[in-house]
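Undergrad: Sequence:
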Amino acid sequence: MQTSSAWTDDDVLAAAAEWLWLPDGTEVVDGDVTILRRPAWLARRVAVERTRSDRPAAELIDEASSVARGWEAETLQWAVRDDDAPDLAAELEARGAVVDDVLDILGLPLAGRPELPQAPGVQAEVVDAREQLAAVGDINAAVWGDAPLGERLGAEFAELRRILDEGTGFRVLASLDGVPAATGGVTLAPGPRGLGLVARLWGAATVESQRGRGLYRAVLDERLRRAAEASAELALVKGRITTSAPILKRAGFRRVGGERRFVLPL
Numbered sequence: 001m002q003t004s005s006a007w008t009d010d011d012v013l014a015a016a017a018e019w020l021w022l023p024d025g026t027e028v029v030d031g032d033v034t035i036l037r038r039p040a041w042l043a044r045r046v047a048v049e050r051t052r053s054d055r056p057a058a059e060l061i062d063e064a065s066s067v068a069r070g071w072e073a074e075t076l077q078w079a080v081r082d083d084d085a086p087d088l089a090a091e092l093e094a095r096g097a098v099v100d101d102v103l104d105i106l107g108l109p110l111a112g113r114p115e116l117p118q119a120p121g122v123q124a125e126v127v128d129a130r131e132q133l134a135a136v137g138d139i140n141a142a143v144w145g146d147a148p149l150g151e152r153l154g155a156e157f158a159e160l161r162r163i164l165d166e167g168t169g170f171r172v173l174a175s176l177d178g179v180p181a182a183t184g185g186v187t188l189a190p191g192p193r194g195l196g197l198v199a200r201l202w203g204a205a206t207v208e209s210q211r212g213r214g215l216y217r218a219v220l221d222e223r224l225r226r227a228a229e230a231s232a233e234l235a236l237v238k239g240r241i242t243t244s245a246p247i248l249k250r251a252g253f254r255r256v257g258g259e260r261r262f263v264l265p266l
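Terminal number for the sequence shown in this note's numbering: 266, no gaps in between.
Treat the hints as calculated values from the structure; they're not laboratory data. Ideal Cβ placement from N, Cα and C applies to all residues, glycine included.
Derived Cβ-Cβ restraints for the label pairs, each shown as a range: (1) Ala40 <-> Asp165: 21 to 31 Å; (2) Glu125 <-> Arg55: 43 to 53 Å; (3) Arg95 <-> Glu125: 39 to 49 Å; (4) Ala111 <-> Pro148: 33 to 43 Å; (5) Pro117 <-> Arg69: 43 to 53 Å; (6) Val126 <-> Glu59: 38 to 48 Å; (7) Val126 <-> Ala58: 43 to 53 Å; (8) Val126 <-> Pro148: 19 to 29 Å; (9) Pro120 <-> Ala17: 35 to 45 Å.
With the hints as extra help, turn the sequences into a complete structure.
TA: As structure tokens, this is what we get:
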């Protein structure tokens with residue numbers, strides 16, 4: 001992939017490897033594998049997000065499973081990238097793990113990116129009010145099964161104001177004929193080896209009954225536009241191969257790698 005003369009495909013993959021989602025309250029055990037226990041309001045809490053070891057896969061899975069059981073988890077999600085050792089996926093499958101999600105790791109240089117066509121009746125904007133954030137929470141609860149924001153709304157809004165003030169990220173909300181129906185977030189982070197800012201695109205969700213109406217495209221375009229205005233050089237996203245990845249590729253993103261997310265019963 002060509003972004004600026006300094007970026008390479010390996011840099012894009014390195015930026016993806018550095019990306020961890022750590023909502024407030026996340027516990028982290030970091031070593032040969034990085035294991036996260038995310039807050040209780042998330043539907044699937046315990047996951048191995050990174051594997052950085054040449055040790056036998058059986059040893060790594062035993063150790064991670066022990067940590068997860070100590071957290072009283074019933075399942076352990078495990079992210080396996082294309083460049084992980086091949087015995088890792090094989091050992092997970094031998095223990096009864098199944099693939100829950102297949103993702104493409106995609107990148108797009110933001111310099112000179114084309115604007116995406118917008119559908120009639122669809123409007124996207126950056127979230128900067130409590131009622132907008134409450135609508136985001138309702139969409140995420142409907143799509144992902146997360147607990148509604150409820151009493152967390154105040155703390156979540158304070159965190160949103162912080163990242164907006166610092167210029168480290170934002171959320172977007174899209175409406176169809178004035179009714180909120182889709183959302184997505186962006187985190188702005190330094191690139192690997194001193195390269196420019198990376199816009200990490202995450203959390204895209206569209207209410208099921210409103211899919212196919214151009215809402216995802218509007219959320220994507222607004223995130224890319226705002227990220228470019230913030231001087232990000234590269235947009236990075238992990239897209240589901242059956243849903244968002246085809247749209248992202250039509251918008252100019254290119255696949256540089258992949259990731260399968262296994263679920264291991266404990």
